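Novice: The primary structure of each chain is shown beneath.
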Amino acid sequence: MSELLTVQDVTMHFGGVHALTDVSFEVQDGEFLCLIGPNGAGKTTMLKAIVGAIRPQKARIQLAGREISGLPTHRRIHLGLALTHQIVRPFRSMTLKDNVALAVGHRRIRRVWTALGGLDRNKERAEALKLLEMVDIHTYADQAVTGQPLGVLKRLEVARALALQPRLLLLDEPLAGLNHVEAAHLADTIVRINREGLTIVMIEHNLGEVLRVGHRLVVLDNGRKIAEGLPRDVMQRPNVRAAYVGKEANDAAA
Amino acid sequence: MGIYELSLATVVGINIILAVGLNLITGFCGQISLGHAAFYGIGAYTAALMAKAGMPGPVNLVAAMVMAGAVGVLVGMTSLRVREDFLAITTMGVGFLFLGIVRQQESLLGGELGISSIPSFGLGKMGFFVLSLVLVVLAVAFSLYIKRSWMGFAFEAVADDEDTARVISVDVPAYKLAAFALGTALAGLAGGLYCYFARFIVPDDFGFITSISVLSMVAVGGIGSVFGVIVGTALLTLIPEFFRFISDYKLLVYGALLFGVMRFAPDGLAGLTALAFKRLQRKGGAV
Amino acid sequence: MLYFELLIQGLIYGSMYAIIAVGLTLVYGLLRILHVAHAGLFALGGYMGLLITNSTGSLILGMPLAAAIVGVVGMAIYRLCYQPILDQPPYVALIASIGLFIAMEEMFRLIFGPFGLTYTDAPLQSVVQFAGIYLRAVDLAIVAGSVSLLGVLSWLSQKTRIGLAWRATVDDPQIAESFGISVLNVRYLNFFIGSALAAVAGVFISLLSNLVEPTMGGVPSYKALAIIVLGGLGNVAGTLIASLVLGVVEAFGTIYIGDILDRDAIAFAFLILVLMIRPEGLFARR
Chain A
1 MSELLTVQDV TMHFGGVHAL TDVSFEVQDG EFLCLIGPNG AGKTTMLKAI
51 VGAIRPQKAR IQLAGREISG LPTHRRIHLG LALTHQIVRP FRSMTLKDNV
101 ALAVGHRRIR RVWTALGGLD RNKERAEALK LLEMVDIHTY ADQAVTGQPL
151 GVLKRLEVAR ALALQPRLLL LDEPLAGLNH VEAAHLADTI VRINREGLTI
201 VMIEHNLGEV LRVGHRLVVL DNGRKIAEGL PRDVMQRPNV RAAYVGKEAN
251 DAAA
Chain B
1 MGIYELSLAT VVGINIILAV GLNLITGFCG QISLGHAAFY GIGAYTAALM
51 AKAGMPGPVN LVAAMVMAGA VGVLVGMTSL RVREDFLAIT TMGVGFLFLG
101 IVRQQESLLG GELGISSIPS FGLGKMGFFV LSLVLVVLAV AFSLYIKRSW
151 MGFAFEAVAD DEDTARVISV DVPAYKLAAF ALGTALAGLA GGLYCYFARF
201 IVPDDFGFIT SISVLSMVAV GGIGSVFGVI VGTALLTLIP EFFRFISDYK
251 LLVYGALLFG VMRFAPDGLA GLTALAFKRL QRKGGAV
Chain C
1 MLYFELLIQG LIYGSMYAII AVGLTLVYGL LRILHVAHAG LFALGGYMGL
51 LITNSTGSLI LGMPLAAAIV GVVGMAIYRL CYQPILDQPP YVALIASIGL
101 FIAMEEMFRL IFGPFGLTYT DAPLQSVVQF AGIYLRAVDL AIVAGSVSLL
151 GVLSWLSQKT RIGLAWRATV DDPQIAESFG ISVLNVRYLN FFIGSALAAV
201 AGVFISLLSN LVEPTMGGVP SYKALAIIVL GGLGNVAGTL IASLVLGVVE
251 AFGTIYIGDI LDRDAIAFAF LILVLMIRPE GLFARR
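Chains A, B and C are the protein sequences, given in the same order.
So the first sequence is numbered by the numbering used here: it starts at 1 and just counts up by one.
So the second sequence is numbered by the numbering used here: it starts at 1 and just counts up by one.
So the third sequence is numbered by the numbering used here: it starts at 1 and just counts up by one.
So that you can see chain A by itself, here it is in the shape it has in the complex (with noise of 0.2 angstroms):
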């Protein structure tokens, strides 16, 4: 197994906030990591800065072996990455098996003047409803966007980003929203896709199903990486255990 991705020295800070200081890690081919860490701790932000949505201070970021920091966002994606948002981004002007058929034909669309050249959207619409039919959510397939349920636009988030046909997919809490039924569901796929071969990283607050699925764990608090290793040796470990207890008895004090 080779590395995948591999993030070095990243720091990131917006104004007075030091969102990200010097957080590196690697992730291996085939893999499936979990980014987890109390709130705020900048799992997002670290999948933005992955993804290129942000521009950190400081950053060196390999894809395959491949320096791409210095890239814009959809140079990333032609070279297999894909994301899913924390909070849903469709596009509101589309229909849900319209905004998987674009990403489906992300080959089509990759070159601005051979776009021109094609006027048929069939092939790339079944194929769609395909990846929406992966993620339970096909009856809702010719539907405008507006007034989908949460649970819905979640999965339209991770059946878009499958459609890129990705190396590496980034996914932001897609099982938040869900119900247990929908998330177990989806938990599965997620992990059947992985067994496939799809290199997952992926940010959830519900551990029960990241120590379930998760290879590796990479634990960020306050911008900073604090513990990586198997999820058991992981979770036993007491600054670990003290970052998440230590939110929540500030939260309660508050």
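If you're looking for bench data, these hints aren't it; they were derived computationally from the structure.
From a predicted model like this one, the values you see are computed outputs, not experimental measurements.
Glycine included, every Cβ here is placed at the ideal spot set by N, Cα and C.
Just so you know, not all the hints are guaranteed correct.
[Claimed, not checked] If the Cβ cut is set under 8 angstroms, some of the chain C residues that face chain B in the computed set are:
1. Cys81
2. Ala141
3. Ile260
Got chain A; can you put chains B and C on it based on the hints?
Specialist: Just chains B and C now, kept in the frame of chain A:
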């Protein structure tokens, strides 16, 4: 058709090409342009200067498109660097900048007095109208084609949520530039036609008011809807003509219309038509 | 000597731009709307100020009254025009505002005539000497007015509870509401102050040229739009500085590149140049 009707129809045609171009930039791709008239002007001045230098009509029209499109790409590059709200003002600034430069260039561009005695295209009034009609049909067909193509699909994403478009692999800067290139080239074509139609152009023909007029034609028709824009343009061009008494009130009507449509029916005529269809369908279904 | 005179002239115009631009940036900071109709309120202020001053003979009455009237009109515009379309995409409010402005301009033309009105006895025209150059009283009034008004605004914003409420609402209306702040009242106040400021600027401009005419709102307001972008949308201090900078750039620019570009286009050339180098403007917010 009499001479008057022919002229009117030609003007409607020119305005449609202009509006369809703006609809591409603002409607399809979501980039607000308040300086569209500048590209209209660039096309007109290019064609006028070349015509006076003796070049043939068709060549001048192509040159008008190319010139306008090239500057359009330059302006498009500014859109890459600035956010949405800034873009509206920047494009407005481009419009004023164009006027400012043209007004000061007396020797080359005629300054405030403009360019007069532009030679005729050579087809006569009827022939020129037919040419304009053909170009209108081509422009509209092209626009509809883009809308249905994958370029149009990508434009939709860019207009909807630029950042998310990037995350699903859309090369947003390239698509914005494409929208500007195509939309401004169409404006340039309209400008070329206009200079042959009027045979006399002055800087004020291409000022902020003109940019706003085109924007109102697009907004009233329904931003993004090609057929809506055609109807909106025809209406806003013809109404002042048919109701001569309101020509003194023309601008007031434009302003009130712009405001009213955005306030009460932001999707324009196209939106209202779609709404009416839906209501009819429901009535038809329920017994 | 010439440079000094140009500088002073630039600062005077810059002060006036500041009064208009600050009103505009207040609205943007609060609602993310480019309030082009502000230009119409500016002109309305000029007209009101002139009419009241002419009929009462007193500018002391004319200016504040004009400011108050226009302030109220501004609040009405918020309620009737912007509030109902806040949830629409931003171009809707922008185009609606442009339509409103054009309609206002035309109404001035139709009601008061295309050639404008003048003061029966224009106040503040006496010549004054300042540091070796000749200015009119109105020039000094503009600078004094701008400094004091913006000073008061700054004090209000930083040192009073109203100012705190305003800043909280700008940052996050939902949280502000949960703290008991009436977001609606903050918005009304915002429009009142901004529009009143526009009216004051309108009166000042009318005193400079002893003329109000229907299109007077256009050019200063287009420049104000460029200024608020330069100053950082929503950033009051940045807007003030950008206004002064622009005034000076214009004054010098007209002399040096007046052959290539006319005066009004200089503002936009400057804007585009700056944005190409710094897309966030001269002073980005936060």
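Novice: All the hints need checking, so say for each whether the structure fits it.
Specialist: Structure-based check of all given hints:
1. Cys81: holds (6 angstroms)
2. Ala141: violated (29 angstroms)
3. Ile260: Given a least distance of 6 angstroms, the restraint on isoleucine 260(C) holds.
In summary, the structure is inconsistent with hint 2 from the numbered list given earlier, while agreeing with all the others.
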